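Given chain A's structure and the hints, the job is docking chain B onto it.
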Amino acid sequence: MSIEIRNVTRAFGDFVAVNNVSFKVASGELVALLSPSGAGKTTLLRIIAGLETVDRGEILFHGEDTTDIGVGERSVGFVFQHYALFRHMTVFENVAFGLRVRPRRLRPSRETIRDRVQALLKLVQVDWLANHYPQQLSGGQRQRIALARALAIEPKVLLLDEPFGALDAKVRKELRTWLRRLHDEMHITSIFVTHDQEEALEVADRVVVMNVGKIEQIGTPREVVEHPATPFVAQFLNLDDHGPAWLVEAKIKHRGYVLAIDKKLGHAA
Amino acid sequence: MMWDDVGTAQALPAPSISKSAARRGAREEPVLVRAGLIFIALGFLLLFLFVPLASVFAGALRKGWEAYFAAIVEPDAWSAIKLTLLAAGIAVPLNLVFGLAAAWAIAKFEFRGKSLLITLIDLPFSVSPVIAGLIYVLVFGLQGWFGPCLYVHDIRIIFAVPGIVLATIFVTFPFVARELIPLMQAQGTDEEEAAIVLGANGWQTFWRVTLPDIKWGLFYGVILCNARAMGEFGAVSVVSGHVRGLTNTMPLDIEILYNEYNFTAAFAVASLLAMLALVTLALKTLVEWLARNQIRRDLA
Numbered sequence: 114m115s116i117e118i119r120n121v122t123r124a125f126g127d128f129v130a131v132n133n134v135s136f137k138v139a140s141g142e143l144v145a146l147l148s149p150s151g152a153g154k155t156t157l158l159r160i161i162a163g164l165e166t167v168d169r170g171e172i173l174f175h176g177e178d179t180t181d182i183g184v185g186e187r188s189v190g191f192v193f194q195h196y197a198l199f200r201h202m203t204v205f206e207n208v209a210f211g212l213r214v215r216p217r218r219l220r221p222s223r224e225t226i227r228d229r230v231q232a233l234l235k236l237v238q239v240d241w242l243a244n245h246y247p248q249q250l251s252g253g254q255r256q257r258i259a260l261a262r263a264l265a266i267e268p269k270v271l272l273l274d275e276p277f278g279a280l281d282a283k284v285r286k287e288l289r290t291w292l293r294r295l296h297d298e299m300h301i302t303s304i305f306v307t308h309d310q311e312e313a314l315e316v317a318d319r320v321v322v323m324n325v326g327k328i329e330q331i332g333t334p335r336e337v338v339e340h341p342a343t344p345f346v347a348q349f350l351n352l353d354d355h356g357p358a359w360l361v362e363a364k365i366k367h368r369g370y371v372l373a374i375d376k377k378l379g380h381a382a
Numbered sequence: 009m010m011w012d013d014v015g016t017a018q019a020l021p022a023p024s025i026s027k028s029a030a031r032r033g034a035r036e037e038p039v040l041v042r043a044g045l046i047f048i049a050l051g052f053l054l055l056f057l058f059v060p061l062a063s064v065f066a067g068a069l070r071k072g073w074e075a076y077f078a079a080i081v082e083p084d085a086w087s088a089i090k091l092t093l094l095a096a097g098i099a100v101p102l103n104l105v106f107g108l109a110a111a112w113a114i115a116k117f118e119f120r121g122k123s124l125l126i127t128l129i130d131l132p133f134s135v136s137p138v139i140a141g142l143i144y145v146l147v148f149g150l151q152g153w154f155g156p157c158l159y160v161h162d163i164r165i166i167f168a169v170p171g172i173v174l175a176t177i178f179v180t181f182p183f184v185a186r187e188l189i190p191l192m193q194a195q196g197t198d199e200e201e202a203a204i205v206l207g208a209n210g211w212q213t214f215w216r217v218t219l220p221d222i223k224w225g226l227f228y229g230v231i232l233c234n235a236r237a238m239g240e241f242g243a244v245s246v247v248s249g250h251v252r253g254l255t256n257t258m259p260l261d262i263e264i265l266y267n268e269y270n271f272t273a274a275f276a277v278a279s280l281l282a283m284l285a286l287v288t289l290a291l292k293t294l295v296e297w298l299a300r301n302q303i304r305r306d307l308a
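Residue numbers (the numbering used here), protein chains in the order written: chain A, 114 to 382; chain B, 9 to 308.
Excised from the complex, chain B in its bound form:
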């Protein structure tokens, strides 16, 4: 899965193929085959990744910059941007803490029910986002378990901001934990034990020994978690109720704008999400580069 391959790439510097091996490989394949393979790979990349991305920006700017900015500062779009930032702003820090705590428990301690906990952490990945949203409707909705009670006390969760935040937290829960568990398991508990024997308390051990060892993996997990938190559609769509200006996040707003044939505005908001993706990619590359540099410095 996604976090698996990028995770290892992040944890270890990519093995560099020696020059002689590359030359030998080059002699084995005819030029035509190589050119063909490169062409297919590049063509595929262009067609399925670059062209759609470019078309988003082209669509957004079709009526000029003025229309673009007007679409973004339009009150409903602006409120969708704020809501998306709010949901991510709550979900990401919480999942940072939850993920860190879960990974710490799973990687550093032995206890009953550990595999059950691992399965539970993976649940949001294995469940369709629509079901994830539906769970909250069934629990907190008017016809749900706690719905009537919440209604009496005038607490709105479904079709309101809390529901959106809850659904976002649920969907993005595994990112940080999944990134950290293999990393922390590989590092074992030796260093922590050494710290404790040397007189460090739990807090000092965590801040001075555990956290510095996992900081790049943690940062990476947070980037992925944030990207998903801002881009989530399905689960949020179920609990949101699509009230424009109130419970619409950016992805939901894009859908509505698009369905209203308001293409410029839809693409303008979409371009913001696309830019988020680009920023995420840039950050991810930066993190990998920094981590690799540190490993290189350590080995120098």
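Chain A on its own, in the form it takes in the complex:
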């Protein structure tokens, strides 16, 4: 399912977390929202999920406005930054939750739920943890359970908030390769939020670079690395030291004529 964010603005008091943001995510795409911390990307993700309201603008799922669609009816899988697993439920119960709370006529039978939960736990490679409680699990395991729980309701859209933020470096690398593979198998439209440029560039089909509520650039990882649209992007992607340099807004005056220069100067040391 495609997602369109159209002129979305959201302010908290004086702070404009999302400022007139528009972009589209094609069906089956994996998009990274990349920005420094506190630049409104989590707010945007929560707006897409319906957990936050907009001041202006709209979110369209498959071309349809979602303003009047409740959070629970959007069929969105959301993976929270700190996983938000239900602490008093076992892993099995956590994953089964989304199916068990369905209205009776839509609720699968006990056996179907059991089979589906087991299949999901297998998919995220932790089927042996079904009877454990969240507190007994490592960060990486919790992350996988959170993903399985989000996938259990067969969402049309998957949203992940800093999915690897709370993990140590090694697990983080492992898990993101795995997530990319999983996405290639399932082709579910996904948006994930991160402040780690390496993560965004490695995992995503396209990257949306944001700075204090505004979009700086949208493009494939290659495009943003090779042609950063603004100095902010270049700086944030750490391209300053080794990437191409631009002379911005330079002018040469010659006998009353003004020549503007906007030319790539090649590599700067």
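Bear in mind the hints are in silico, worked out from the structure with no lab data behind them. It is possible that part of the hints are untrue.
Residues from chain B that face chain A, not an exhaustive set, calculated with beta carbons under 8 angstroms [unchecked claim]: (1) GLY44; (2) VAL205; (3) GLN212.
A quick note: this is a predicted structure, and the numbers were derived from the prediction, not measured. In this text, a Cβ means the ideal position worked out from N, Cα and C, and glycines have one as well.
Just chain B now, kept in the frame of chain A:
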């Protein structure tokens, strides 16, 4: 305050001091000092807690079991017991609902006037119980705002059972809410949001996610609330009118019996309240033990 320290003790397992630390501490203090401190602490406990409690039971049983039971089944005492149970039976469930609703609103939502609401919840603790009773007399009493109107319609609140129930509700209002607010604030709203995104409605979210997370704190708040509801004296005393057999609760009945030099009966009824305290303590310990066990199981 009382609910603060016990609240944290309930929410978290007490940190166990490692053995080496205990041994090091033991070497630092001379035996005499340790013995002295223990003696003082135990002596204090004995003198101010155990002896009075024992004296209540001793006083109650001084004329034997027969006199004890006779004092309890005596109609006025019996009606005081029933009235106390009735007042607690109404006040505790209501405050369970009010406290839960208030804590839920305060911990899980942002809104204007939140700190005012918190202050209001604390009001019954900061106001003297006598004033709490007086408030109802001023509002519902014959000389009060609604008194004449109520009188015309033959509705009795002051010096009647409704007044006692109202005063009890007022005095015990903060217990459940105060117990739950810090607990629910610490737990945040992540799990609720997760439940909602997964398609749960508000009711399911509350019963399946919020309530199981706070059940021990809630149970604990209810125990404290009940103990206070049954033991309340001041506020109830003001609105009761002390009509024996009609508007006397157990604490009021004890006072009257005592003032009439009917010590055996006074202590007999008092022993029931004391037993309530012991049962409350036992329940509290049980709840803490269960909660700790659950945490241990979760961490195992």
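Okay, the hints, checked on the actual structure:
no., hint, result
1, GLY44, "violated (43 angstroms)"
2, VAL205, "holds (4 angstroms)"
3, GLN212, "holds (5 angstroms)"
In this structure, only the earlier hint numbered 1 is contradicted, and the remaining ones agree with it.
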